[in-house]
Amino acid sequence: MKMKFPHLGKFGMVVLVAAVVGGLQLLDAYRASQNPPTVRQVISTVATVTPSTEDEITVENVEKTREPDSSIGFESFEADILGKDGIYWPFTDEPEFQPGMDRGLTILCYEKPDDPVREYRTGYPNGMPVGVECGFYRVGAYRFGPEQLVGISIMRPLPRPNDVP
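The numbering used here numbers the first residue of the sequence shown as 1181 and each following residue consecutively.
Errors might be hidden in some of the hints.
[To be verified] In silico lysine to any residue, SDA-like type, Cα no more than 25 Å apart, as pairs:
(1) Lys1264 <-> Leu1204
(2) Lys1264 <-> Gly1253
(3) Lys1264 <-> Val1312
(4) Lys1292 <-> Pro1275
(5) Lys1264 <-> Gly1325
(6) Lys1292 <-> Arg1336
(7) Lys1264 <-> Ala1212
(8) Lys1190 <-> Leu1204
(9) Lys1264 <-> Pro1296
(10) Lys1292 <-> Phe1271
(11) Lys1292 <-> Gly1253
(12) Lys1292 <-> Glu1258
(13) Lys1264 <-> Asp1294
(14) Lys1292 <-> Gln1328
(15) Lys1190 <-> Gly1203
(16) Lys1264 <-> Glu1276
Please keep in mind that the hints were generated in silico from the structure rather than gathered at the bench. The structure displayed is predicted, hence computed values, not measured ones.
Work the whole structure out from these sequences, hints included.
Following this line, the structure appears as structure tokens:
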């Protein structure tokens, strides 16, 4: 095989490739320092189910205010969504559920607050556009694919489009 730069020799080619790779890394580090990460705004929502004023508070009504037991089998974790540029993104601070090579977060849409965990209408692993009809949501953590859930957040009502910062 004929070399493109015969005057450099084999050692010169190694030095040239190392210089190019090092230069690209320096350029990448410089660009990262010029564009620091922005502070993310988290949209927090609170969902509580309370018995109607006409109902007498009984053991049965108190049971209705708890999170359904349908999330058994999944690890529960604290997560929410944040709105940026017209898209809702799943977000958590818990290190074991941070997105990585073989894991990620998805927004799961539900029609009713008492729908079982696996009976979501649609999942959005790549962000959900603001304005999508979705009454309630959970953030799901998955491994190896959005259909393989390992963790689930509590059910919350989706914020109205006007509530997005």
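Against the structure, the hints come out as follows:
no.	hint	verdict
1	Lys1264 <-> Leu1204	violated, 30 Å
2	Lys1264 <-> Gly1253	violated, 32 Å
3	Lys1264 <-> Val1312	holds, 15 Å
4	Lys1292 <-> Pro1275	violated, 30 Å
5	Lys1264 <-> Gly1325	holds, 24 Å
6	Lys1292 <-> Arg1336	holds, 10 Å
7	Lys1264 <-> Ala1212	holds, 20 Å
8	Lys1190 <-> Leu1204	holds, 21 Å
9	Lys1264 <-> Pro1296	violated, 29 Å
10	Lys1292 <-> Phe1271	holds, 22 Å
11	Lys1292 <-> Gly1253	holds, 21 Å
12	Lys1292 <-> Glu1258	holds, 20 Å
13	Lys1264 <-> Asp1294	violated, 28 Å
14	Lys1292 <-> Gln1328	holds, 22 Å
15	Lys1190 <-> Gly1203	holds, 20 Å
16	Lys1264 <-> Glu1276	holds, 24 Å
Checked against the numbered hints above, the structure breaks hints 1, 2, 4, 9, 13 and satisfies the rest.
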